[in-house]
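Put chain B on the given structure of chain A with help from the hints.
Heads up: the sequence lines are chains A and B, in that order. FYI, the numbering for the first sequence is 1 to 813, going by UniProt numbering. FYI, the numbering for the second sequence is 1 to 813, going by UniProt numbering.
Any given hint could turn out to be false.
Pairs count within a copy or across copies, as identical chains cannot be separated in the list.
Listed next, the in silico EDC-like pairs over lysine to aspartate or glutamate satisfying Cα-Cα at most 16 Å (straight line) [stated by the list, open to error]:
| # | residue 1 | residue 2 |
| --- | --- | --- |
| 1 | LYS648 | GLU123 |
| 2 | LYS428 | GLU440 |
| 3 | LYS291 | ASP308 |
| 4 | LYS651 | GLU130 |
| 5 | LYS715 | ASP751 |
| 6 | LYS715 | ASP736 |
| 7 | LYS648 | ASP775 |
I should point out that these hints are in silico values taken from the structure, not numbers from a laboratory. No experiment lies behind these values; they were computed from the predicted model shown.
Number of protein chains: 2
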Amino acid sequence: MDDRKALITLDGESSAEDDPIILQKEAGPTSKAVQDFGLHQREEPSTSALARRATLSGNNHLLDDSQPLLMGNNSVPPDIPINGSAGSPNRNINSSEPIFHLRSRTAAASTPNYESLDYEVCENTLFQDEQRKRLTERFSLRKDIIRWIIFIQIGIITALIACTIDIIIEELSIRKYTFLYNSVKENVPLSDASDRDLLIPYLYWLLFSIVPVAFGAAMVTYIEPITAGSGIPQVKSYLNGVKIPRIVRIKTLAVKAIGVITSVVGGLAGGKEGPMIHAGAVVAAGISQGKSTTFLKDFRIFKAFRDDHEKRDFVLGGGAAGVSAAFGAPIGGMLFSLEEAASFWNQNLIWRTLVASIISVFTLNIVLSAYHGLNDFTFTGLFNLGKFDTPLKFDYFELPIFMILGVTGGLLGAAWNSLNTKINKFRKRFIPWKIGKVLEAVVVAMMGVTLACLMIYFINDCRPLGNDPTNNPVQLFCEDNEYNAVAALWFQTPEATVRSLFHDPPGSHKILTLALFTVVYYVLSCATFGLNVSLGVFIPTALVGAAWGRLLAMLTYYVFPQAEFLHPGKYALIGAAANLGGVLRMTISLSVILMETTGVETSFFFPLIIALISAKWVGDYFNEGIYDTQIQVNHVPMLTWEPLPQYKGLKAREILSKPVICIKIRDSANYIYEMLKKCDHNGFPVVDDVCGDRRSEGRVCGIILRSQLIVILLKSLYVENKRFWLPETSIQTFRDLYPRFPSIKSVRKLDEKINYTVDLSMFMNPSPIRVNPHDSVPRIFQIFRALGLRHLLVINHENRIAGIITRRDFIYK
Amino acid sequence: MDDRKALITLDGESSAEDDPIILQKEAGPTSKAVQDFGLHQREEPSTSALARRATLSGNNHLLDDSQPLLMGNNSVPPDIPINGSAGSPNRNINSSEPIFHLRSRTAAASTPNYESLDYEVCENTLFQDEQRKRLTERFSLRKDIIRWIIFIQIGIITALIACTIDIIIEELSIRKYTFLYNSVKENVPLSDASDRDLLIPYLYWLLFSIVPVAFGAAMVTYIEPITAGSGIPQVKSYLNGVKIPRIVRIKTLAVKAIGVITSVVGGLAGGKEGPMIHAGAVVAAGISQGKSTTFLKDFRIFKAFRDDHEKRDFVLGGGAAGVSAAFGAPIGGMLFSLEEAASFWNQNLIWRTLVASIISVFTLNIVLSAYHGLNDFTFTGLFNLGKFDTPLKFDYFELPIFMILGVTGGLLGAAWNSLNTKINKFRKRFIPWKIGKVLEAVVVAMMGVTLACLMIYFINDCRPLGNDPTNNPVQLFCEDNEYNAVAALWFQTPEATVRSLFHDPPGSHKILTLALFTVVYYVLSCATFGLNVSLGVFIPTALVGAAWGRLLAMLTYYVFPQAEFLHPGKYALIGAAANLGGVLRMTISLSVILMETTGVETSFFFPLIIALISAKWVGDYFNEGIYDTQIQVNHVPMLTWEPLPQYKGLKAREILSKPVICIKIRDSANYIYEMLKKCDHNGFPVVDDVCGDRRSEGRVCGIILRSQLIVILLKSLYVENKRFWLPETSIQTFRDLYPRFPSIKSVRKLDEKINYTVDLSMFMNPSPIRVNPHDSVPRIFQIFRALGLRHLLVINHENRIAGIITRRDFIYK
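In isolation and in its complexed conformation, chain A is listed as follows (with noise of 0.2 Å):
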């Protein structure tokens, strides 16, 4: 199903008002609407001019489209309830029914058809009817009151979901590491040079991987396929207003969370930020609309909220809460909500935003403190990537230096995403299969056991003990009194890596290990990037960045040793910026997430901020950001904050899809049903002052959704039993069904309601907005992104249908 309304003619319209111009891009080599021109239907003047005859004296439940082609004749009169029999007394015409043209302009066959949200709110008489009901002061403010309640809620439970997610890690990763340090000690137990034997090390360190890992890789493969990657760019387009199935379920979320810590586990390269970003998200549509559909439990609460507008603000709360979490960072998790997910914003949504993100970091503090025994009661903020003890400075002369990481972050940043894009293209060529996916995963993991092992092998990089910063000094091929400085980068999970770059001491590695383990990462990581595992991009890509910020310190120093500025770590935390903002472009909320994790202080906000912008600059150059990257190869359609470049110059009428299919404010169920069964449209003009069955000849007077006919269907709302439906239907009917109406296959057959009537000036949306065949594609573009529609109707002069505008009109390349 998908938002195109104009694929199929039903109606009998000529498309004589075809543009030349449409024609022409059509008839072109990147088009598949050759079909389209047989789409002219000859129209038999005596069967229309019969059916609009009956039309008028009222008895318009009659099919008006033509053809006995695809279906059989199952429409039969009202007072025989039995099937098939055709010619009945009633019919005054052959019911015929429609030929069926695609016309797929927009979308490539294979490409997934992903639908829109209805962020619009359908105003409709049901829905004001409501409105008047709740008019009162009392039941506005409480209804604020329960949606900052709501916030509140996403907030604890956002915080406590990343909680267990980060001790399950940590307790699982000291067990692994300490269980590997001390097989290390028993078969390495010399440190004479000769007797190097890693096997059994080895060997176990490839069955902690390979065993969560194949795990987890299997969980995401075989039971929730939406849960692998970091889950951003998928609410980044759920919050664009793109449907993304699954995306916010409680059993995503389980399988998300066991997931990632499956993979961190295993030693992948990835972080957990990522998906605790998806798992607010998932938290925040949960809790808003009070009913699980994985538990088909529905807790009659929060029912005022069940709409995808009301839903859409949830989840953006839940998305900050969850990077809030991930961070301990709440305004890094509000800013980067609103930098990189949001597509739609307000103050006071900002504002509950803010709210959430610091409950959830609060709730973390507390749990976190009590499970690290800090019972001082001292709110400490949580530093995840490590508290620089001394107060970062920097001199004037530097700035050019940060600058020139910028510039070398966004080129390696850059080349990451188009490498990492290239390996995901031959991934989804070459891997078809489930179990090669989850194979692939175990290939990557046990790839970066074995690089790891070799470095650590043949790289002799011992340090004395003493200020060793971590907290497995593996003494492997050293002197007594020394530890192993490639081990200690290989022996924790990346997020404890990052921080010690951040943090050792200078000299604490050879520059050897450090640039062997930058180009090991960078390739991992990006190996990694795509697997089929729940992980995110953020903490490999910040190592990455650290490691090579440091090394570059490194050098220099090594160069001008009277260069005492250049404090490793300092340059580890600009690198790891300007590597972040290489790969994912942004700038305000990473530069406020890494002084947020590290505790500078804000006057290093400066250095920051323009490594971020001369590596975004740089980046943008040649490609996009890693999460909107993933978002084009996997053909959402996604609508950009400003129209494309390409279509300036263009008109509505290039543009717009038809012809359309419109149903008359009073129309047959028949018709309705018959029409919801061979087309997969979601939305449809309500015509009216129609001349017979030229439906698409009237004036539009709203809009339906697909769904709602569904529901008039389903709940048989026709005129002719409406003293039966009418005082108990409200906008709740309506509701109670979202977000996962019935398809049309779950409607039963009409049988002896197919003479009955549906009048839809109850139902239909009476404020569609429309635009004229002749304005521009970018003011229209603003109009349908600014509003959030989802279609948008082009009318000519005479307030009748020229065409009808969806998300993937605008998508077109």
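This is chain B only, laid out in the frame that chain A set:
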């Protein structure tokens, strides 16, 4: 001139359509629309028939409106250039003038008429022609680069202006207070309490207050009254789309700069921060337009940016640069712009705003470092409010205390706002004369000096010298080796006093000193804000908060001497935050600004935001923030983020203005000329398919602005002389006159062109946004707000005009 367009009956239109609800509402007590019932104009059938015929035969230069009441017969036949000769052979009908029916539903007679800005881009044929020429990638890139350059320039120049103001204030203040210090020293030679003679220093002090304040107040009052106050409400209104006359002129900037210098040096209870935002806005508007009206100079650059939409974005960047320069806080500045000033956001804009802020802070740092003689090239950041040397820590059990402080701040802030509003109302009513306004400022300045002197005189608060934090430790009535703590508070600028309160060691003041200081400054600042001087409210508010915050800590410590966590500086900071939150009702930006100006750690964000949020919530219960209050008091038609709750349940037809003056797509020059002279509407629907002179029954095909019509008349862009002007007319013809389009009075009588015709199809905006009369007001509000519209056409089912809605119609109370 204002945007209400339906004030006048020009067309011979029957208002039989009038909804009964409207009639009922208008007949209510709050309505002034009783005249409205006189608007059913009788239509002389013969006349209109003639006119119709005349139109059909191409003679459509006729006035079709009736009744020669308000004006004389100044429409003359085309071939007779002399006025006053009615009944010429060319005129088939008696051109009778329209009656004017004012229907002032929304605006009280006394409120100033604010116009709206045209944020909506008018995509007429000329615009499209330009777009087509500039379709190339290169042009678009070039425009982007120029935009970046402008933003960078804005940052630099704003910072330079801020520096200049800063340095002048500092130099003058040092001189003033050193002089007073010496004068005190000379005149109060002994610490002997018997000889307490402060008269001479008091008189000096008065002199040094009165002279600058009087000068500043006179400049503001006589030269540019718009510069009074902080400027933030004005900038905020401007960014919301309200045209505030003279708000962004260079003259305004000059007066504002001098005004703020004189007021701060004069010792008024105000800060320089608000005015700096305004200064940034002026700089942005000036640079981006490449011309200055004050100097009548057009640099002929940046012509592509000469429209309200582009200018708005630059002004936002300028405002952010101004805040950043005022506080040395780049993120804070950007967030301030977003949270408080901006009404329209978008990702790219935020980006550019951030860059402008950073450039601004950087420039400021370099200049001020040079000024202060710091030549070690170490970037320290500007901690305007002083850096906390030891990191501020807090315990969990302090959080409720912070919350209590927040609640206190909210209460005090709400009381302050309400008191200030009352004072200002009083002021407006009883001090209408200019000289009175200047005198009032002088009186307040004198009051401040007097109260300070009394405090110094009567309170004996001596502290030992040594760790004295003030520059001028006045011995005054104290023993040798002691200084007077009261004098220390008063003998400096308010900003320096905030710094003292944050950083003075514990025990620097008596409880009585601080208590009295708080009360005095609370009252003083309340009396000051609203004076006719250029002053911001940020610093005095922070100062009051810091004083009572410190006071509360001292009191508590006095009661519980074992409570060691009661660091007075910390509580002063929280108190400042709480008070700011209570008065300004911002949260995110305030917390970031306080962090950036005091260099506290990011973990201290948490207490700050707790205090701010509590303050905001409590304050919001009572009234609005001070800026919003000011906007309301001035009756600025500001559109809120969300539709007002009062509008729930209303329909478009209940708020629209009608009847509407329409123009035919080909209309007579004379009709347009006469109409523009007689009404002051700014937007006119363009209709075609018109039957004779019944313009308002035509079908809507566009909208045209008053300014465009005036340009058309001024440049004689008629159909008849098309060959002369067509080749050289472009969108630039219209843009050249931006932003001060001439009034209709500058158009000479049409004389020989009276029978000429104007073809609007090339000039009108062919894509006006249209809604239905039955659309709900919250919905159309969202459309209006999101798209930044100026006119919203309400059309009926057949695309004929039913009314028009502008900003003012949404402000109705």
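Against the structure, the hints:
1. LYS648 to GLU123: between (33 Å within a copy, 12 Å between copies)
2. LYS428 to GLU440: within (12 Å within a copy, 76 Å between copies)
3. LYS291 to ASP308: The answer is within: 15 Å in one copy meets 16 Å, while 47 Å across copies does not.
4. LYS651 to GLU130: Between. Shortest inter-copy distance 15 Å satisfies the 16 Å Cα cut-off; intra-copy 39 Å does not.
5. LYS715 to ASP751: Cα proximity of LYS715 and ASP751: one copy only (14 Å, versus 70 Å across).
6. LYS715 to ASP736: within (12 Å within a copy, 62 Å between copies)
7. LYS648 to ASP775: Result: close within a single copy only, 12 Å intra versus 31 Å inter.
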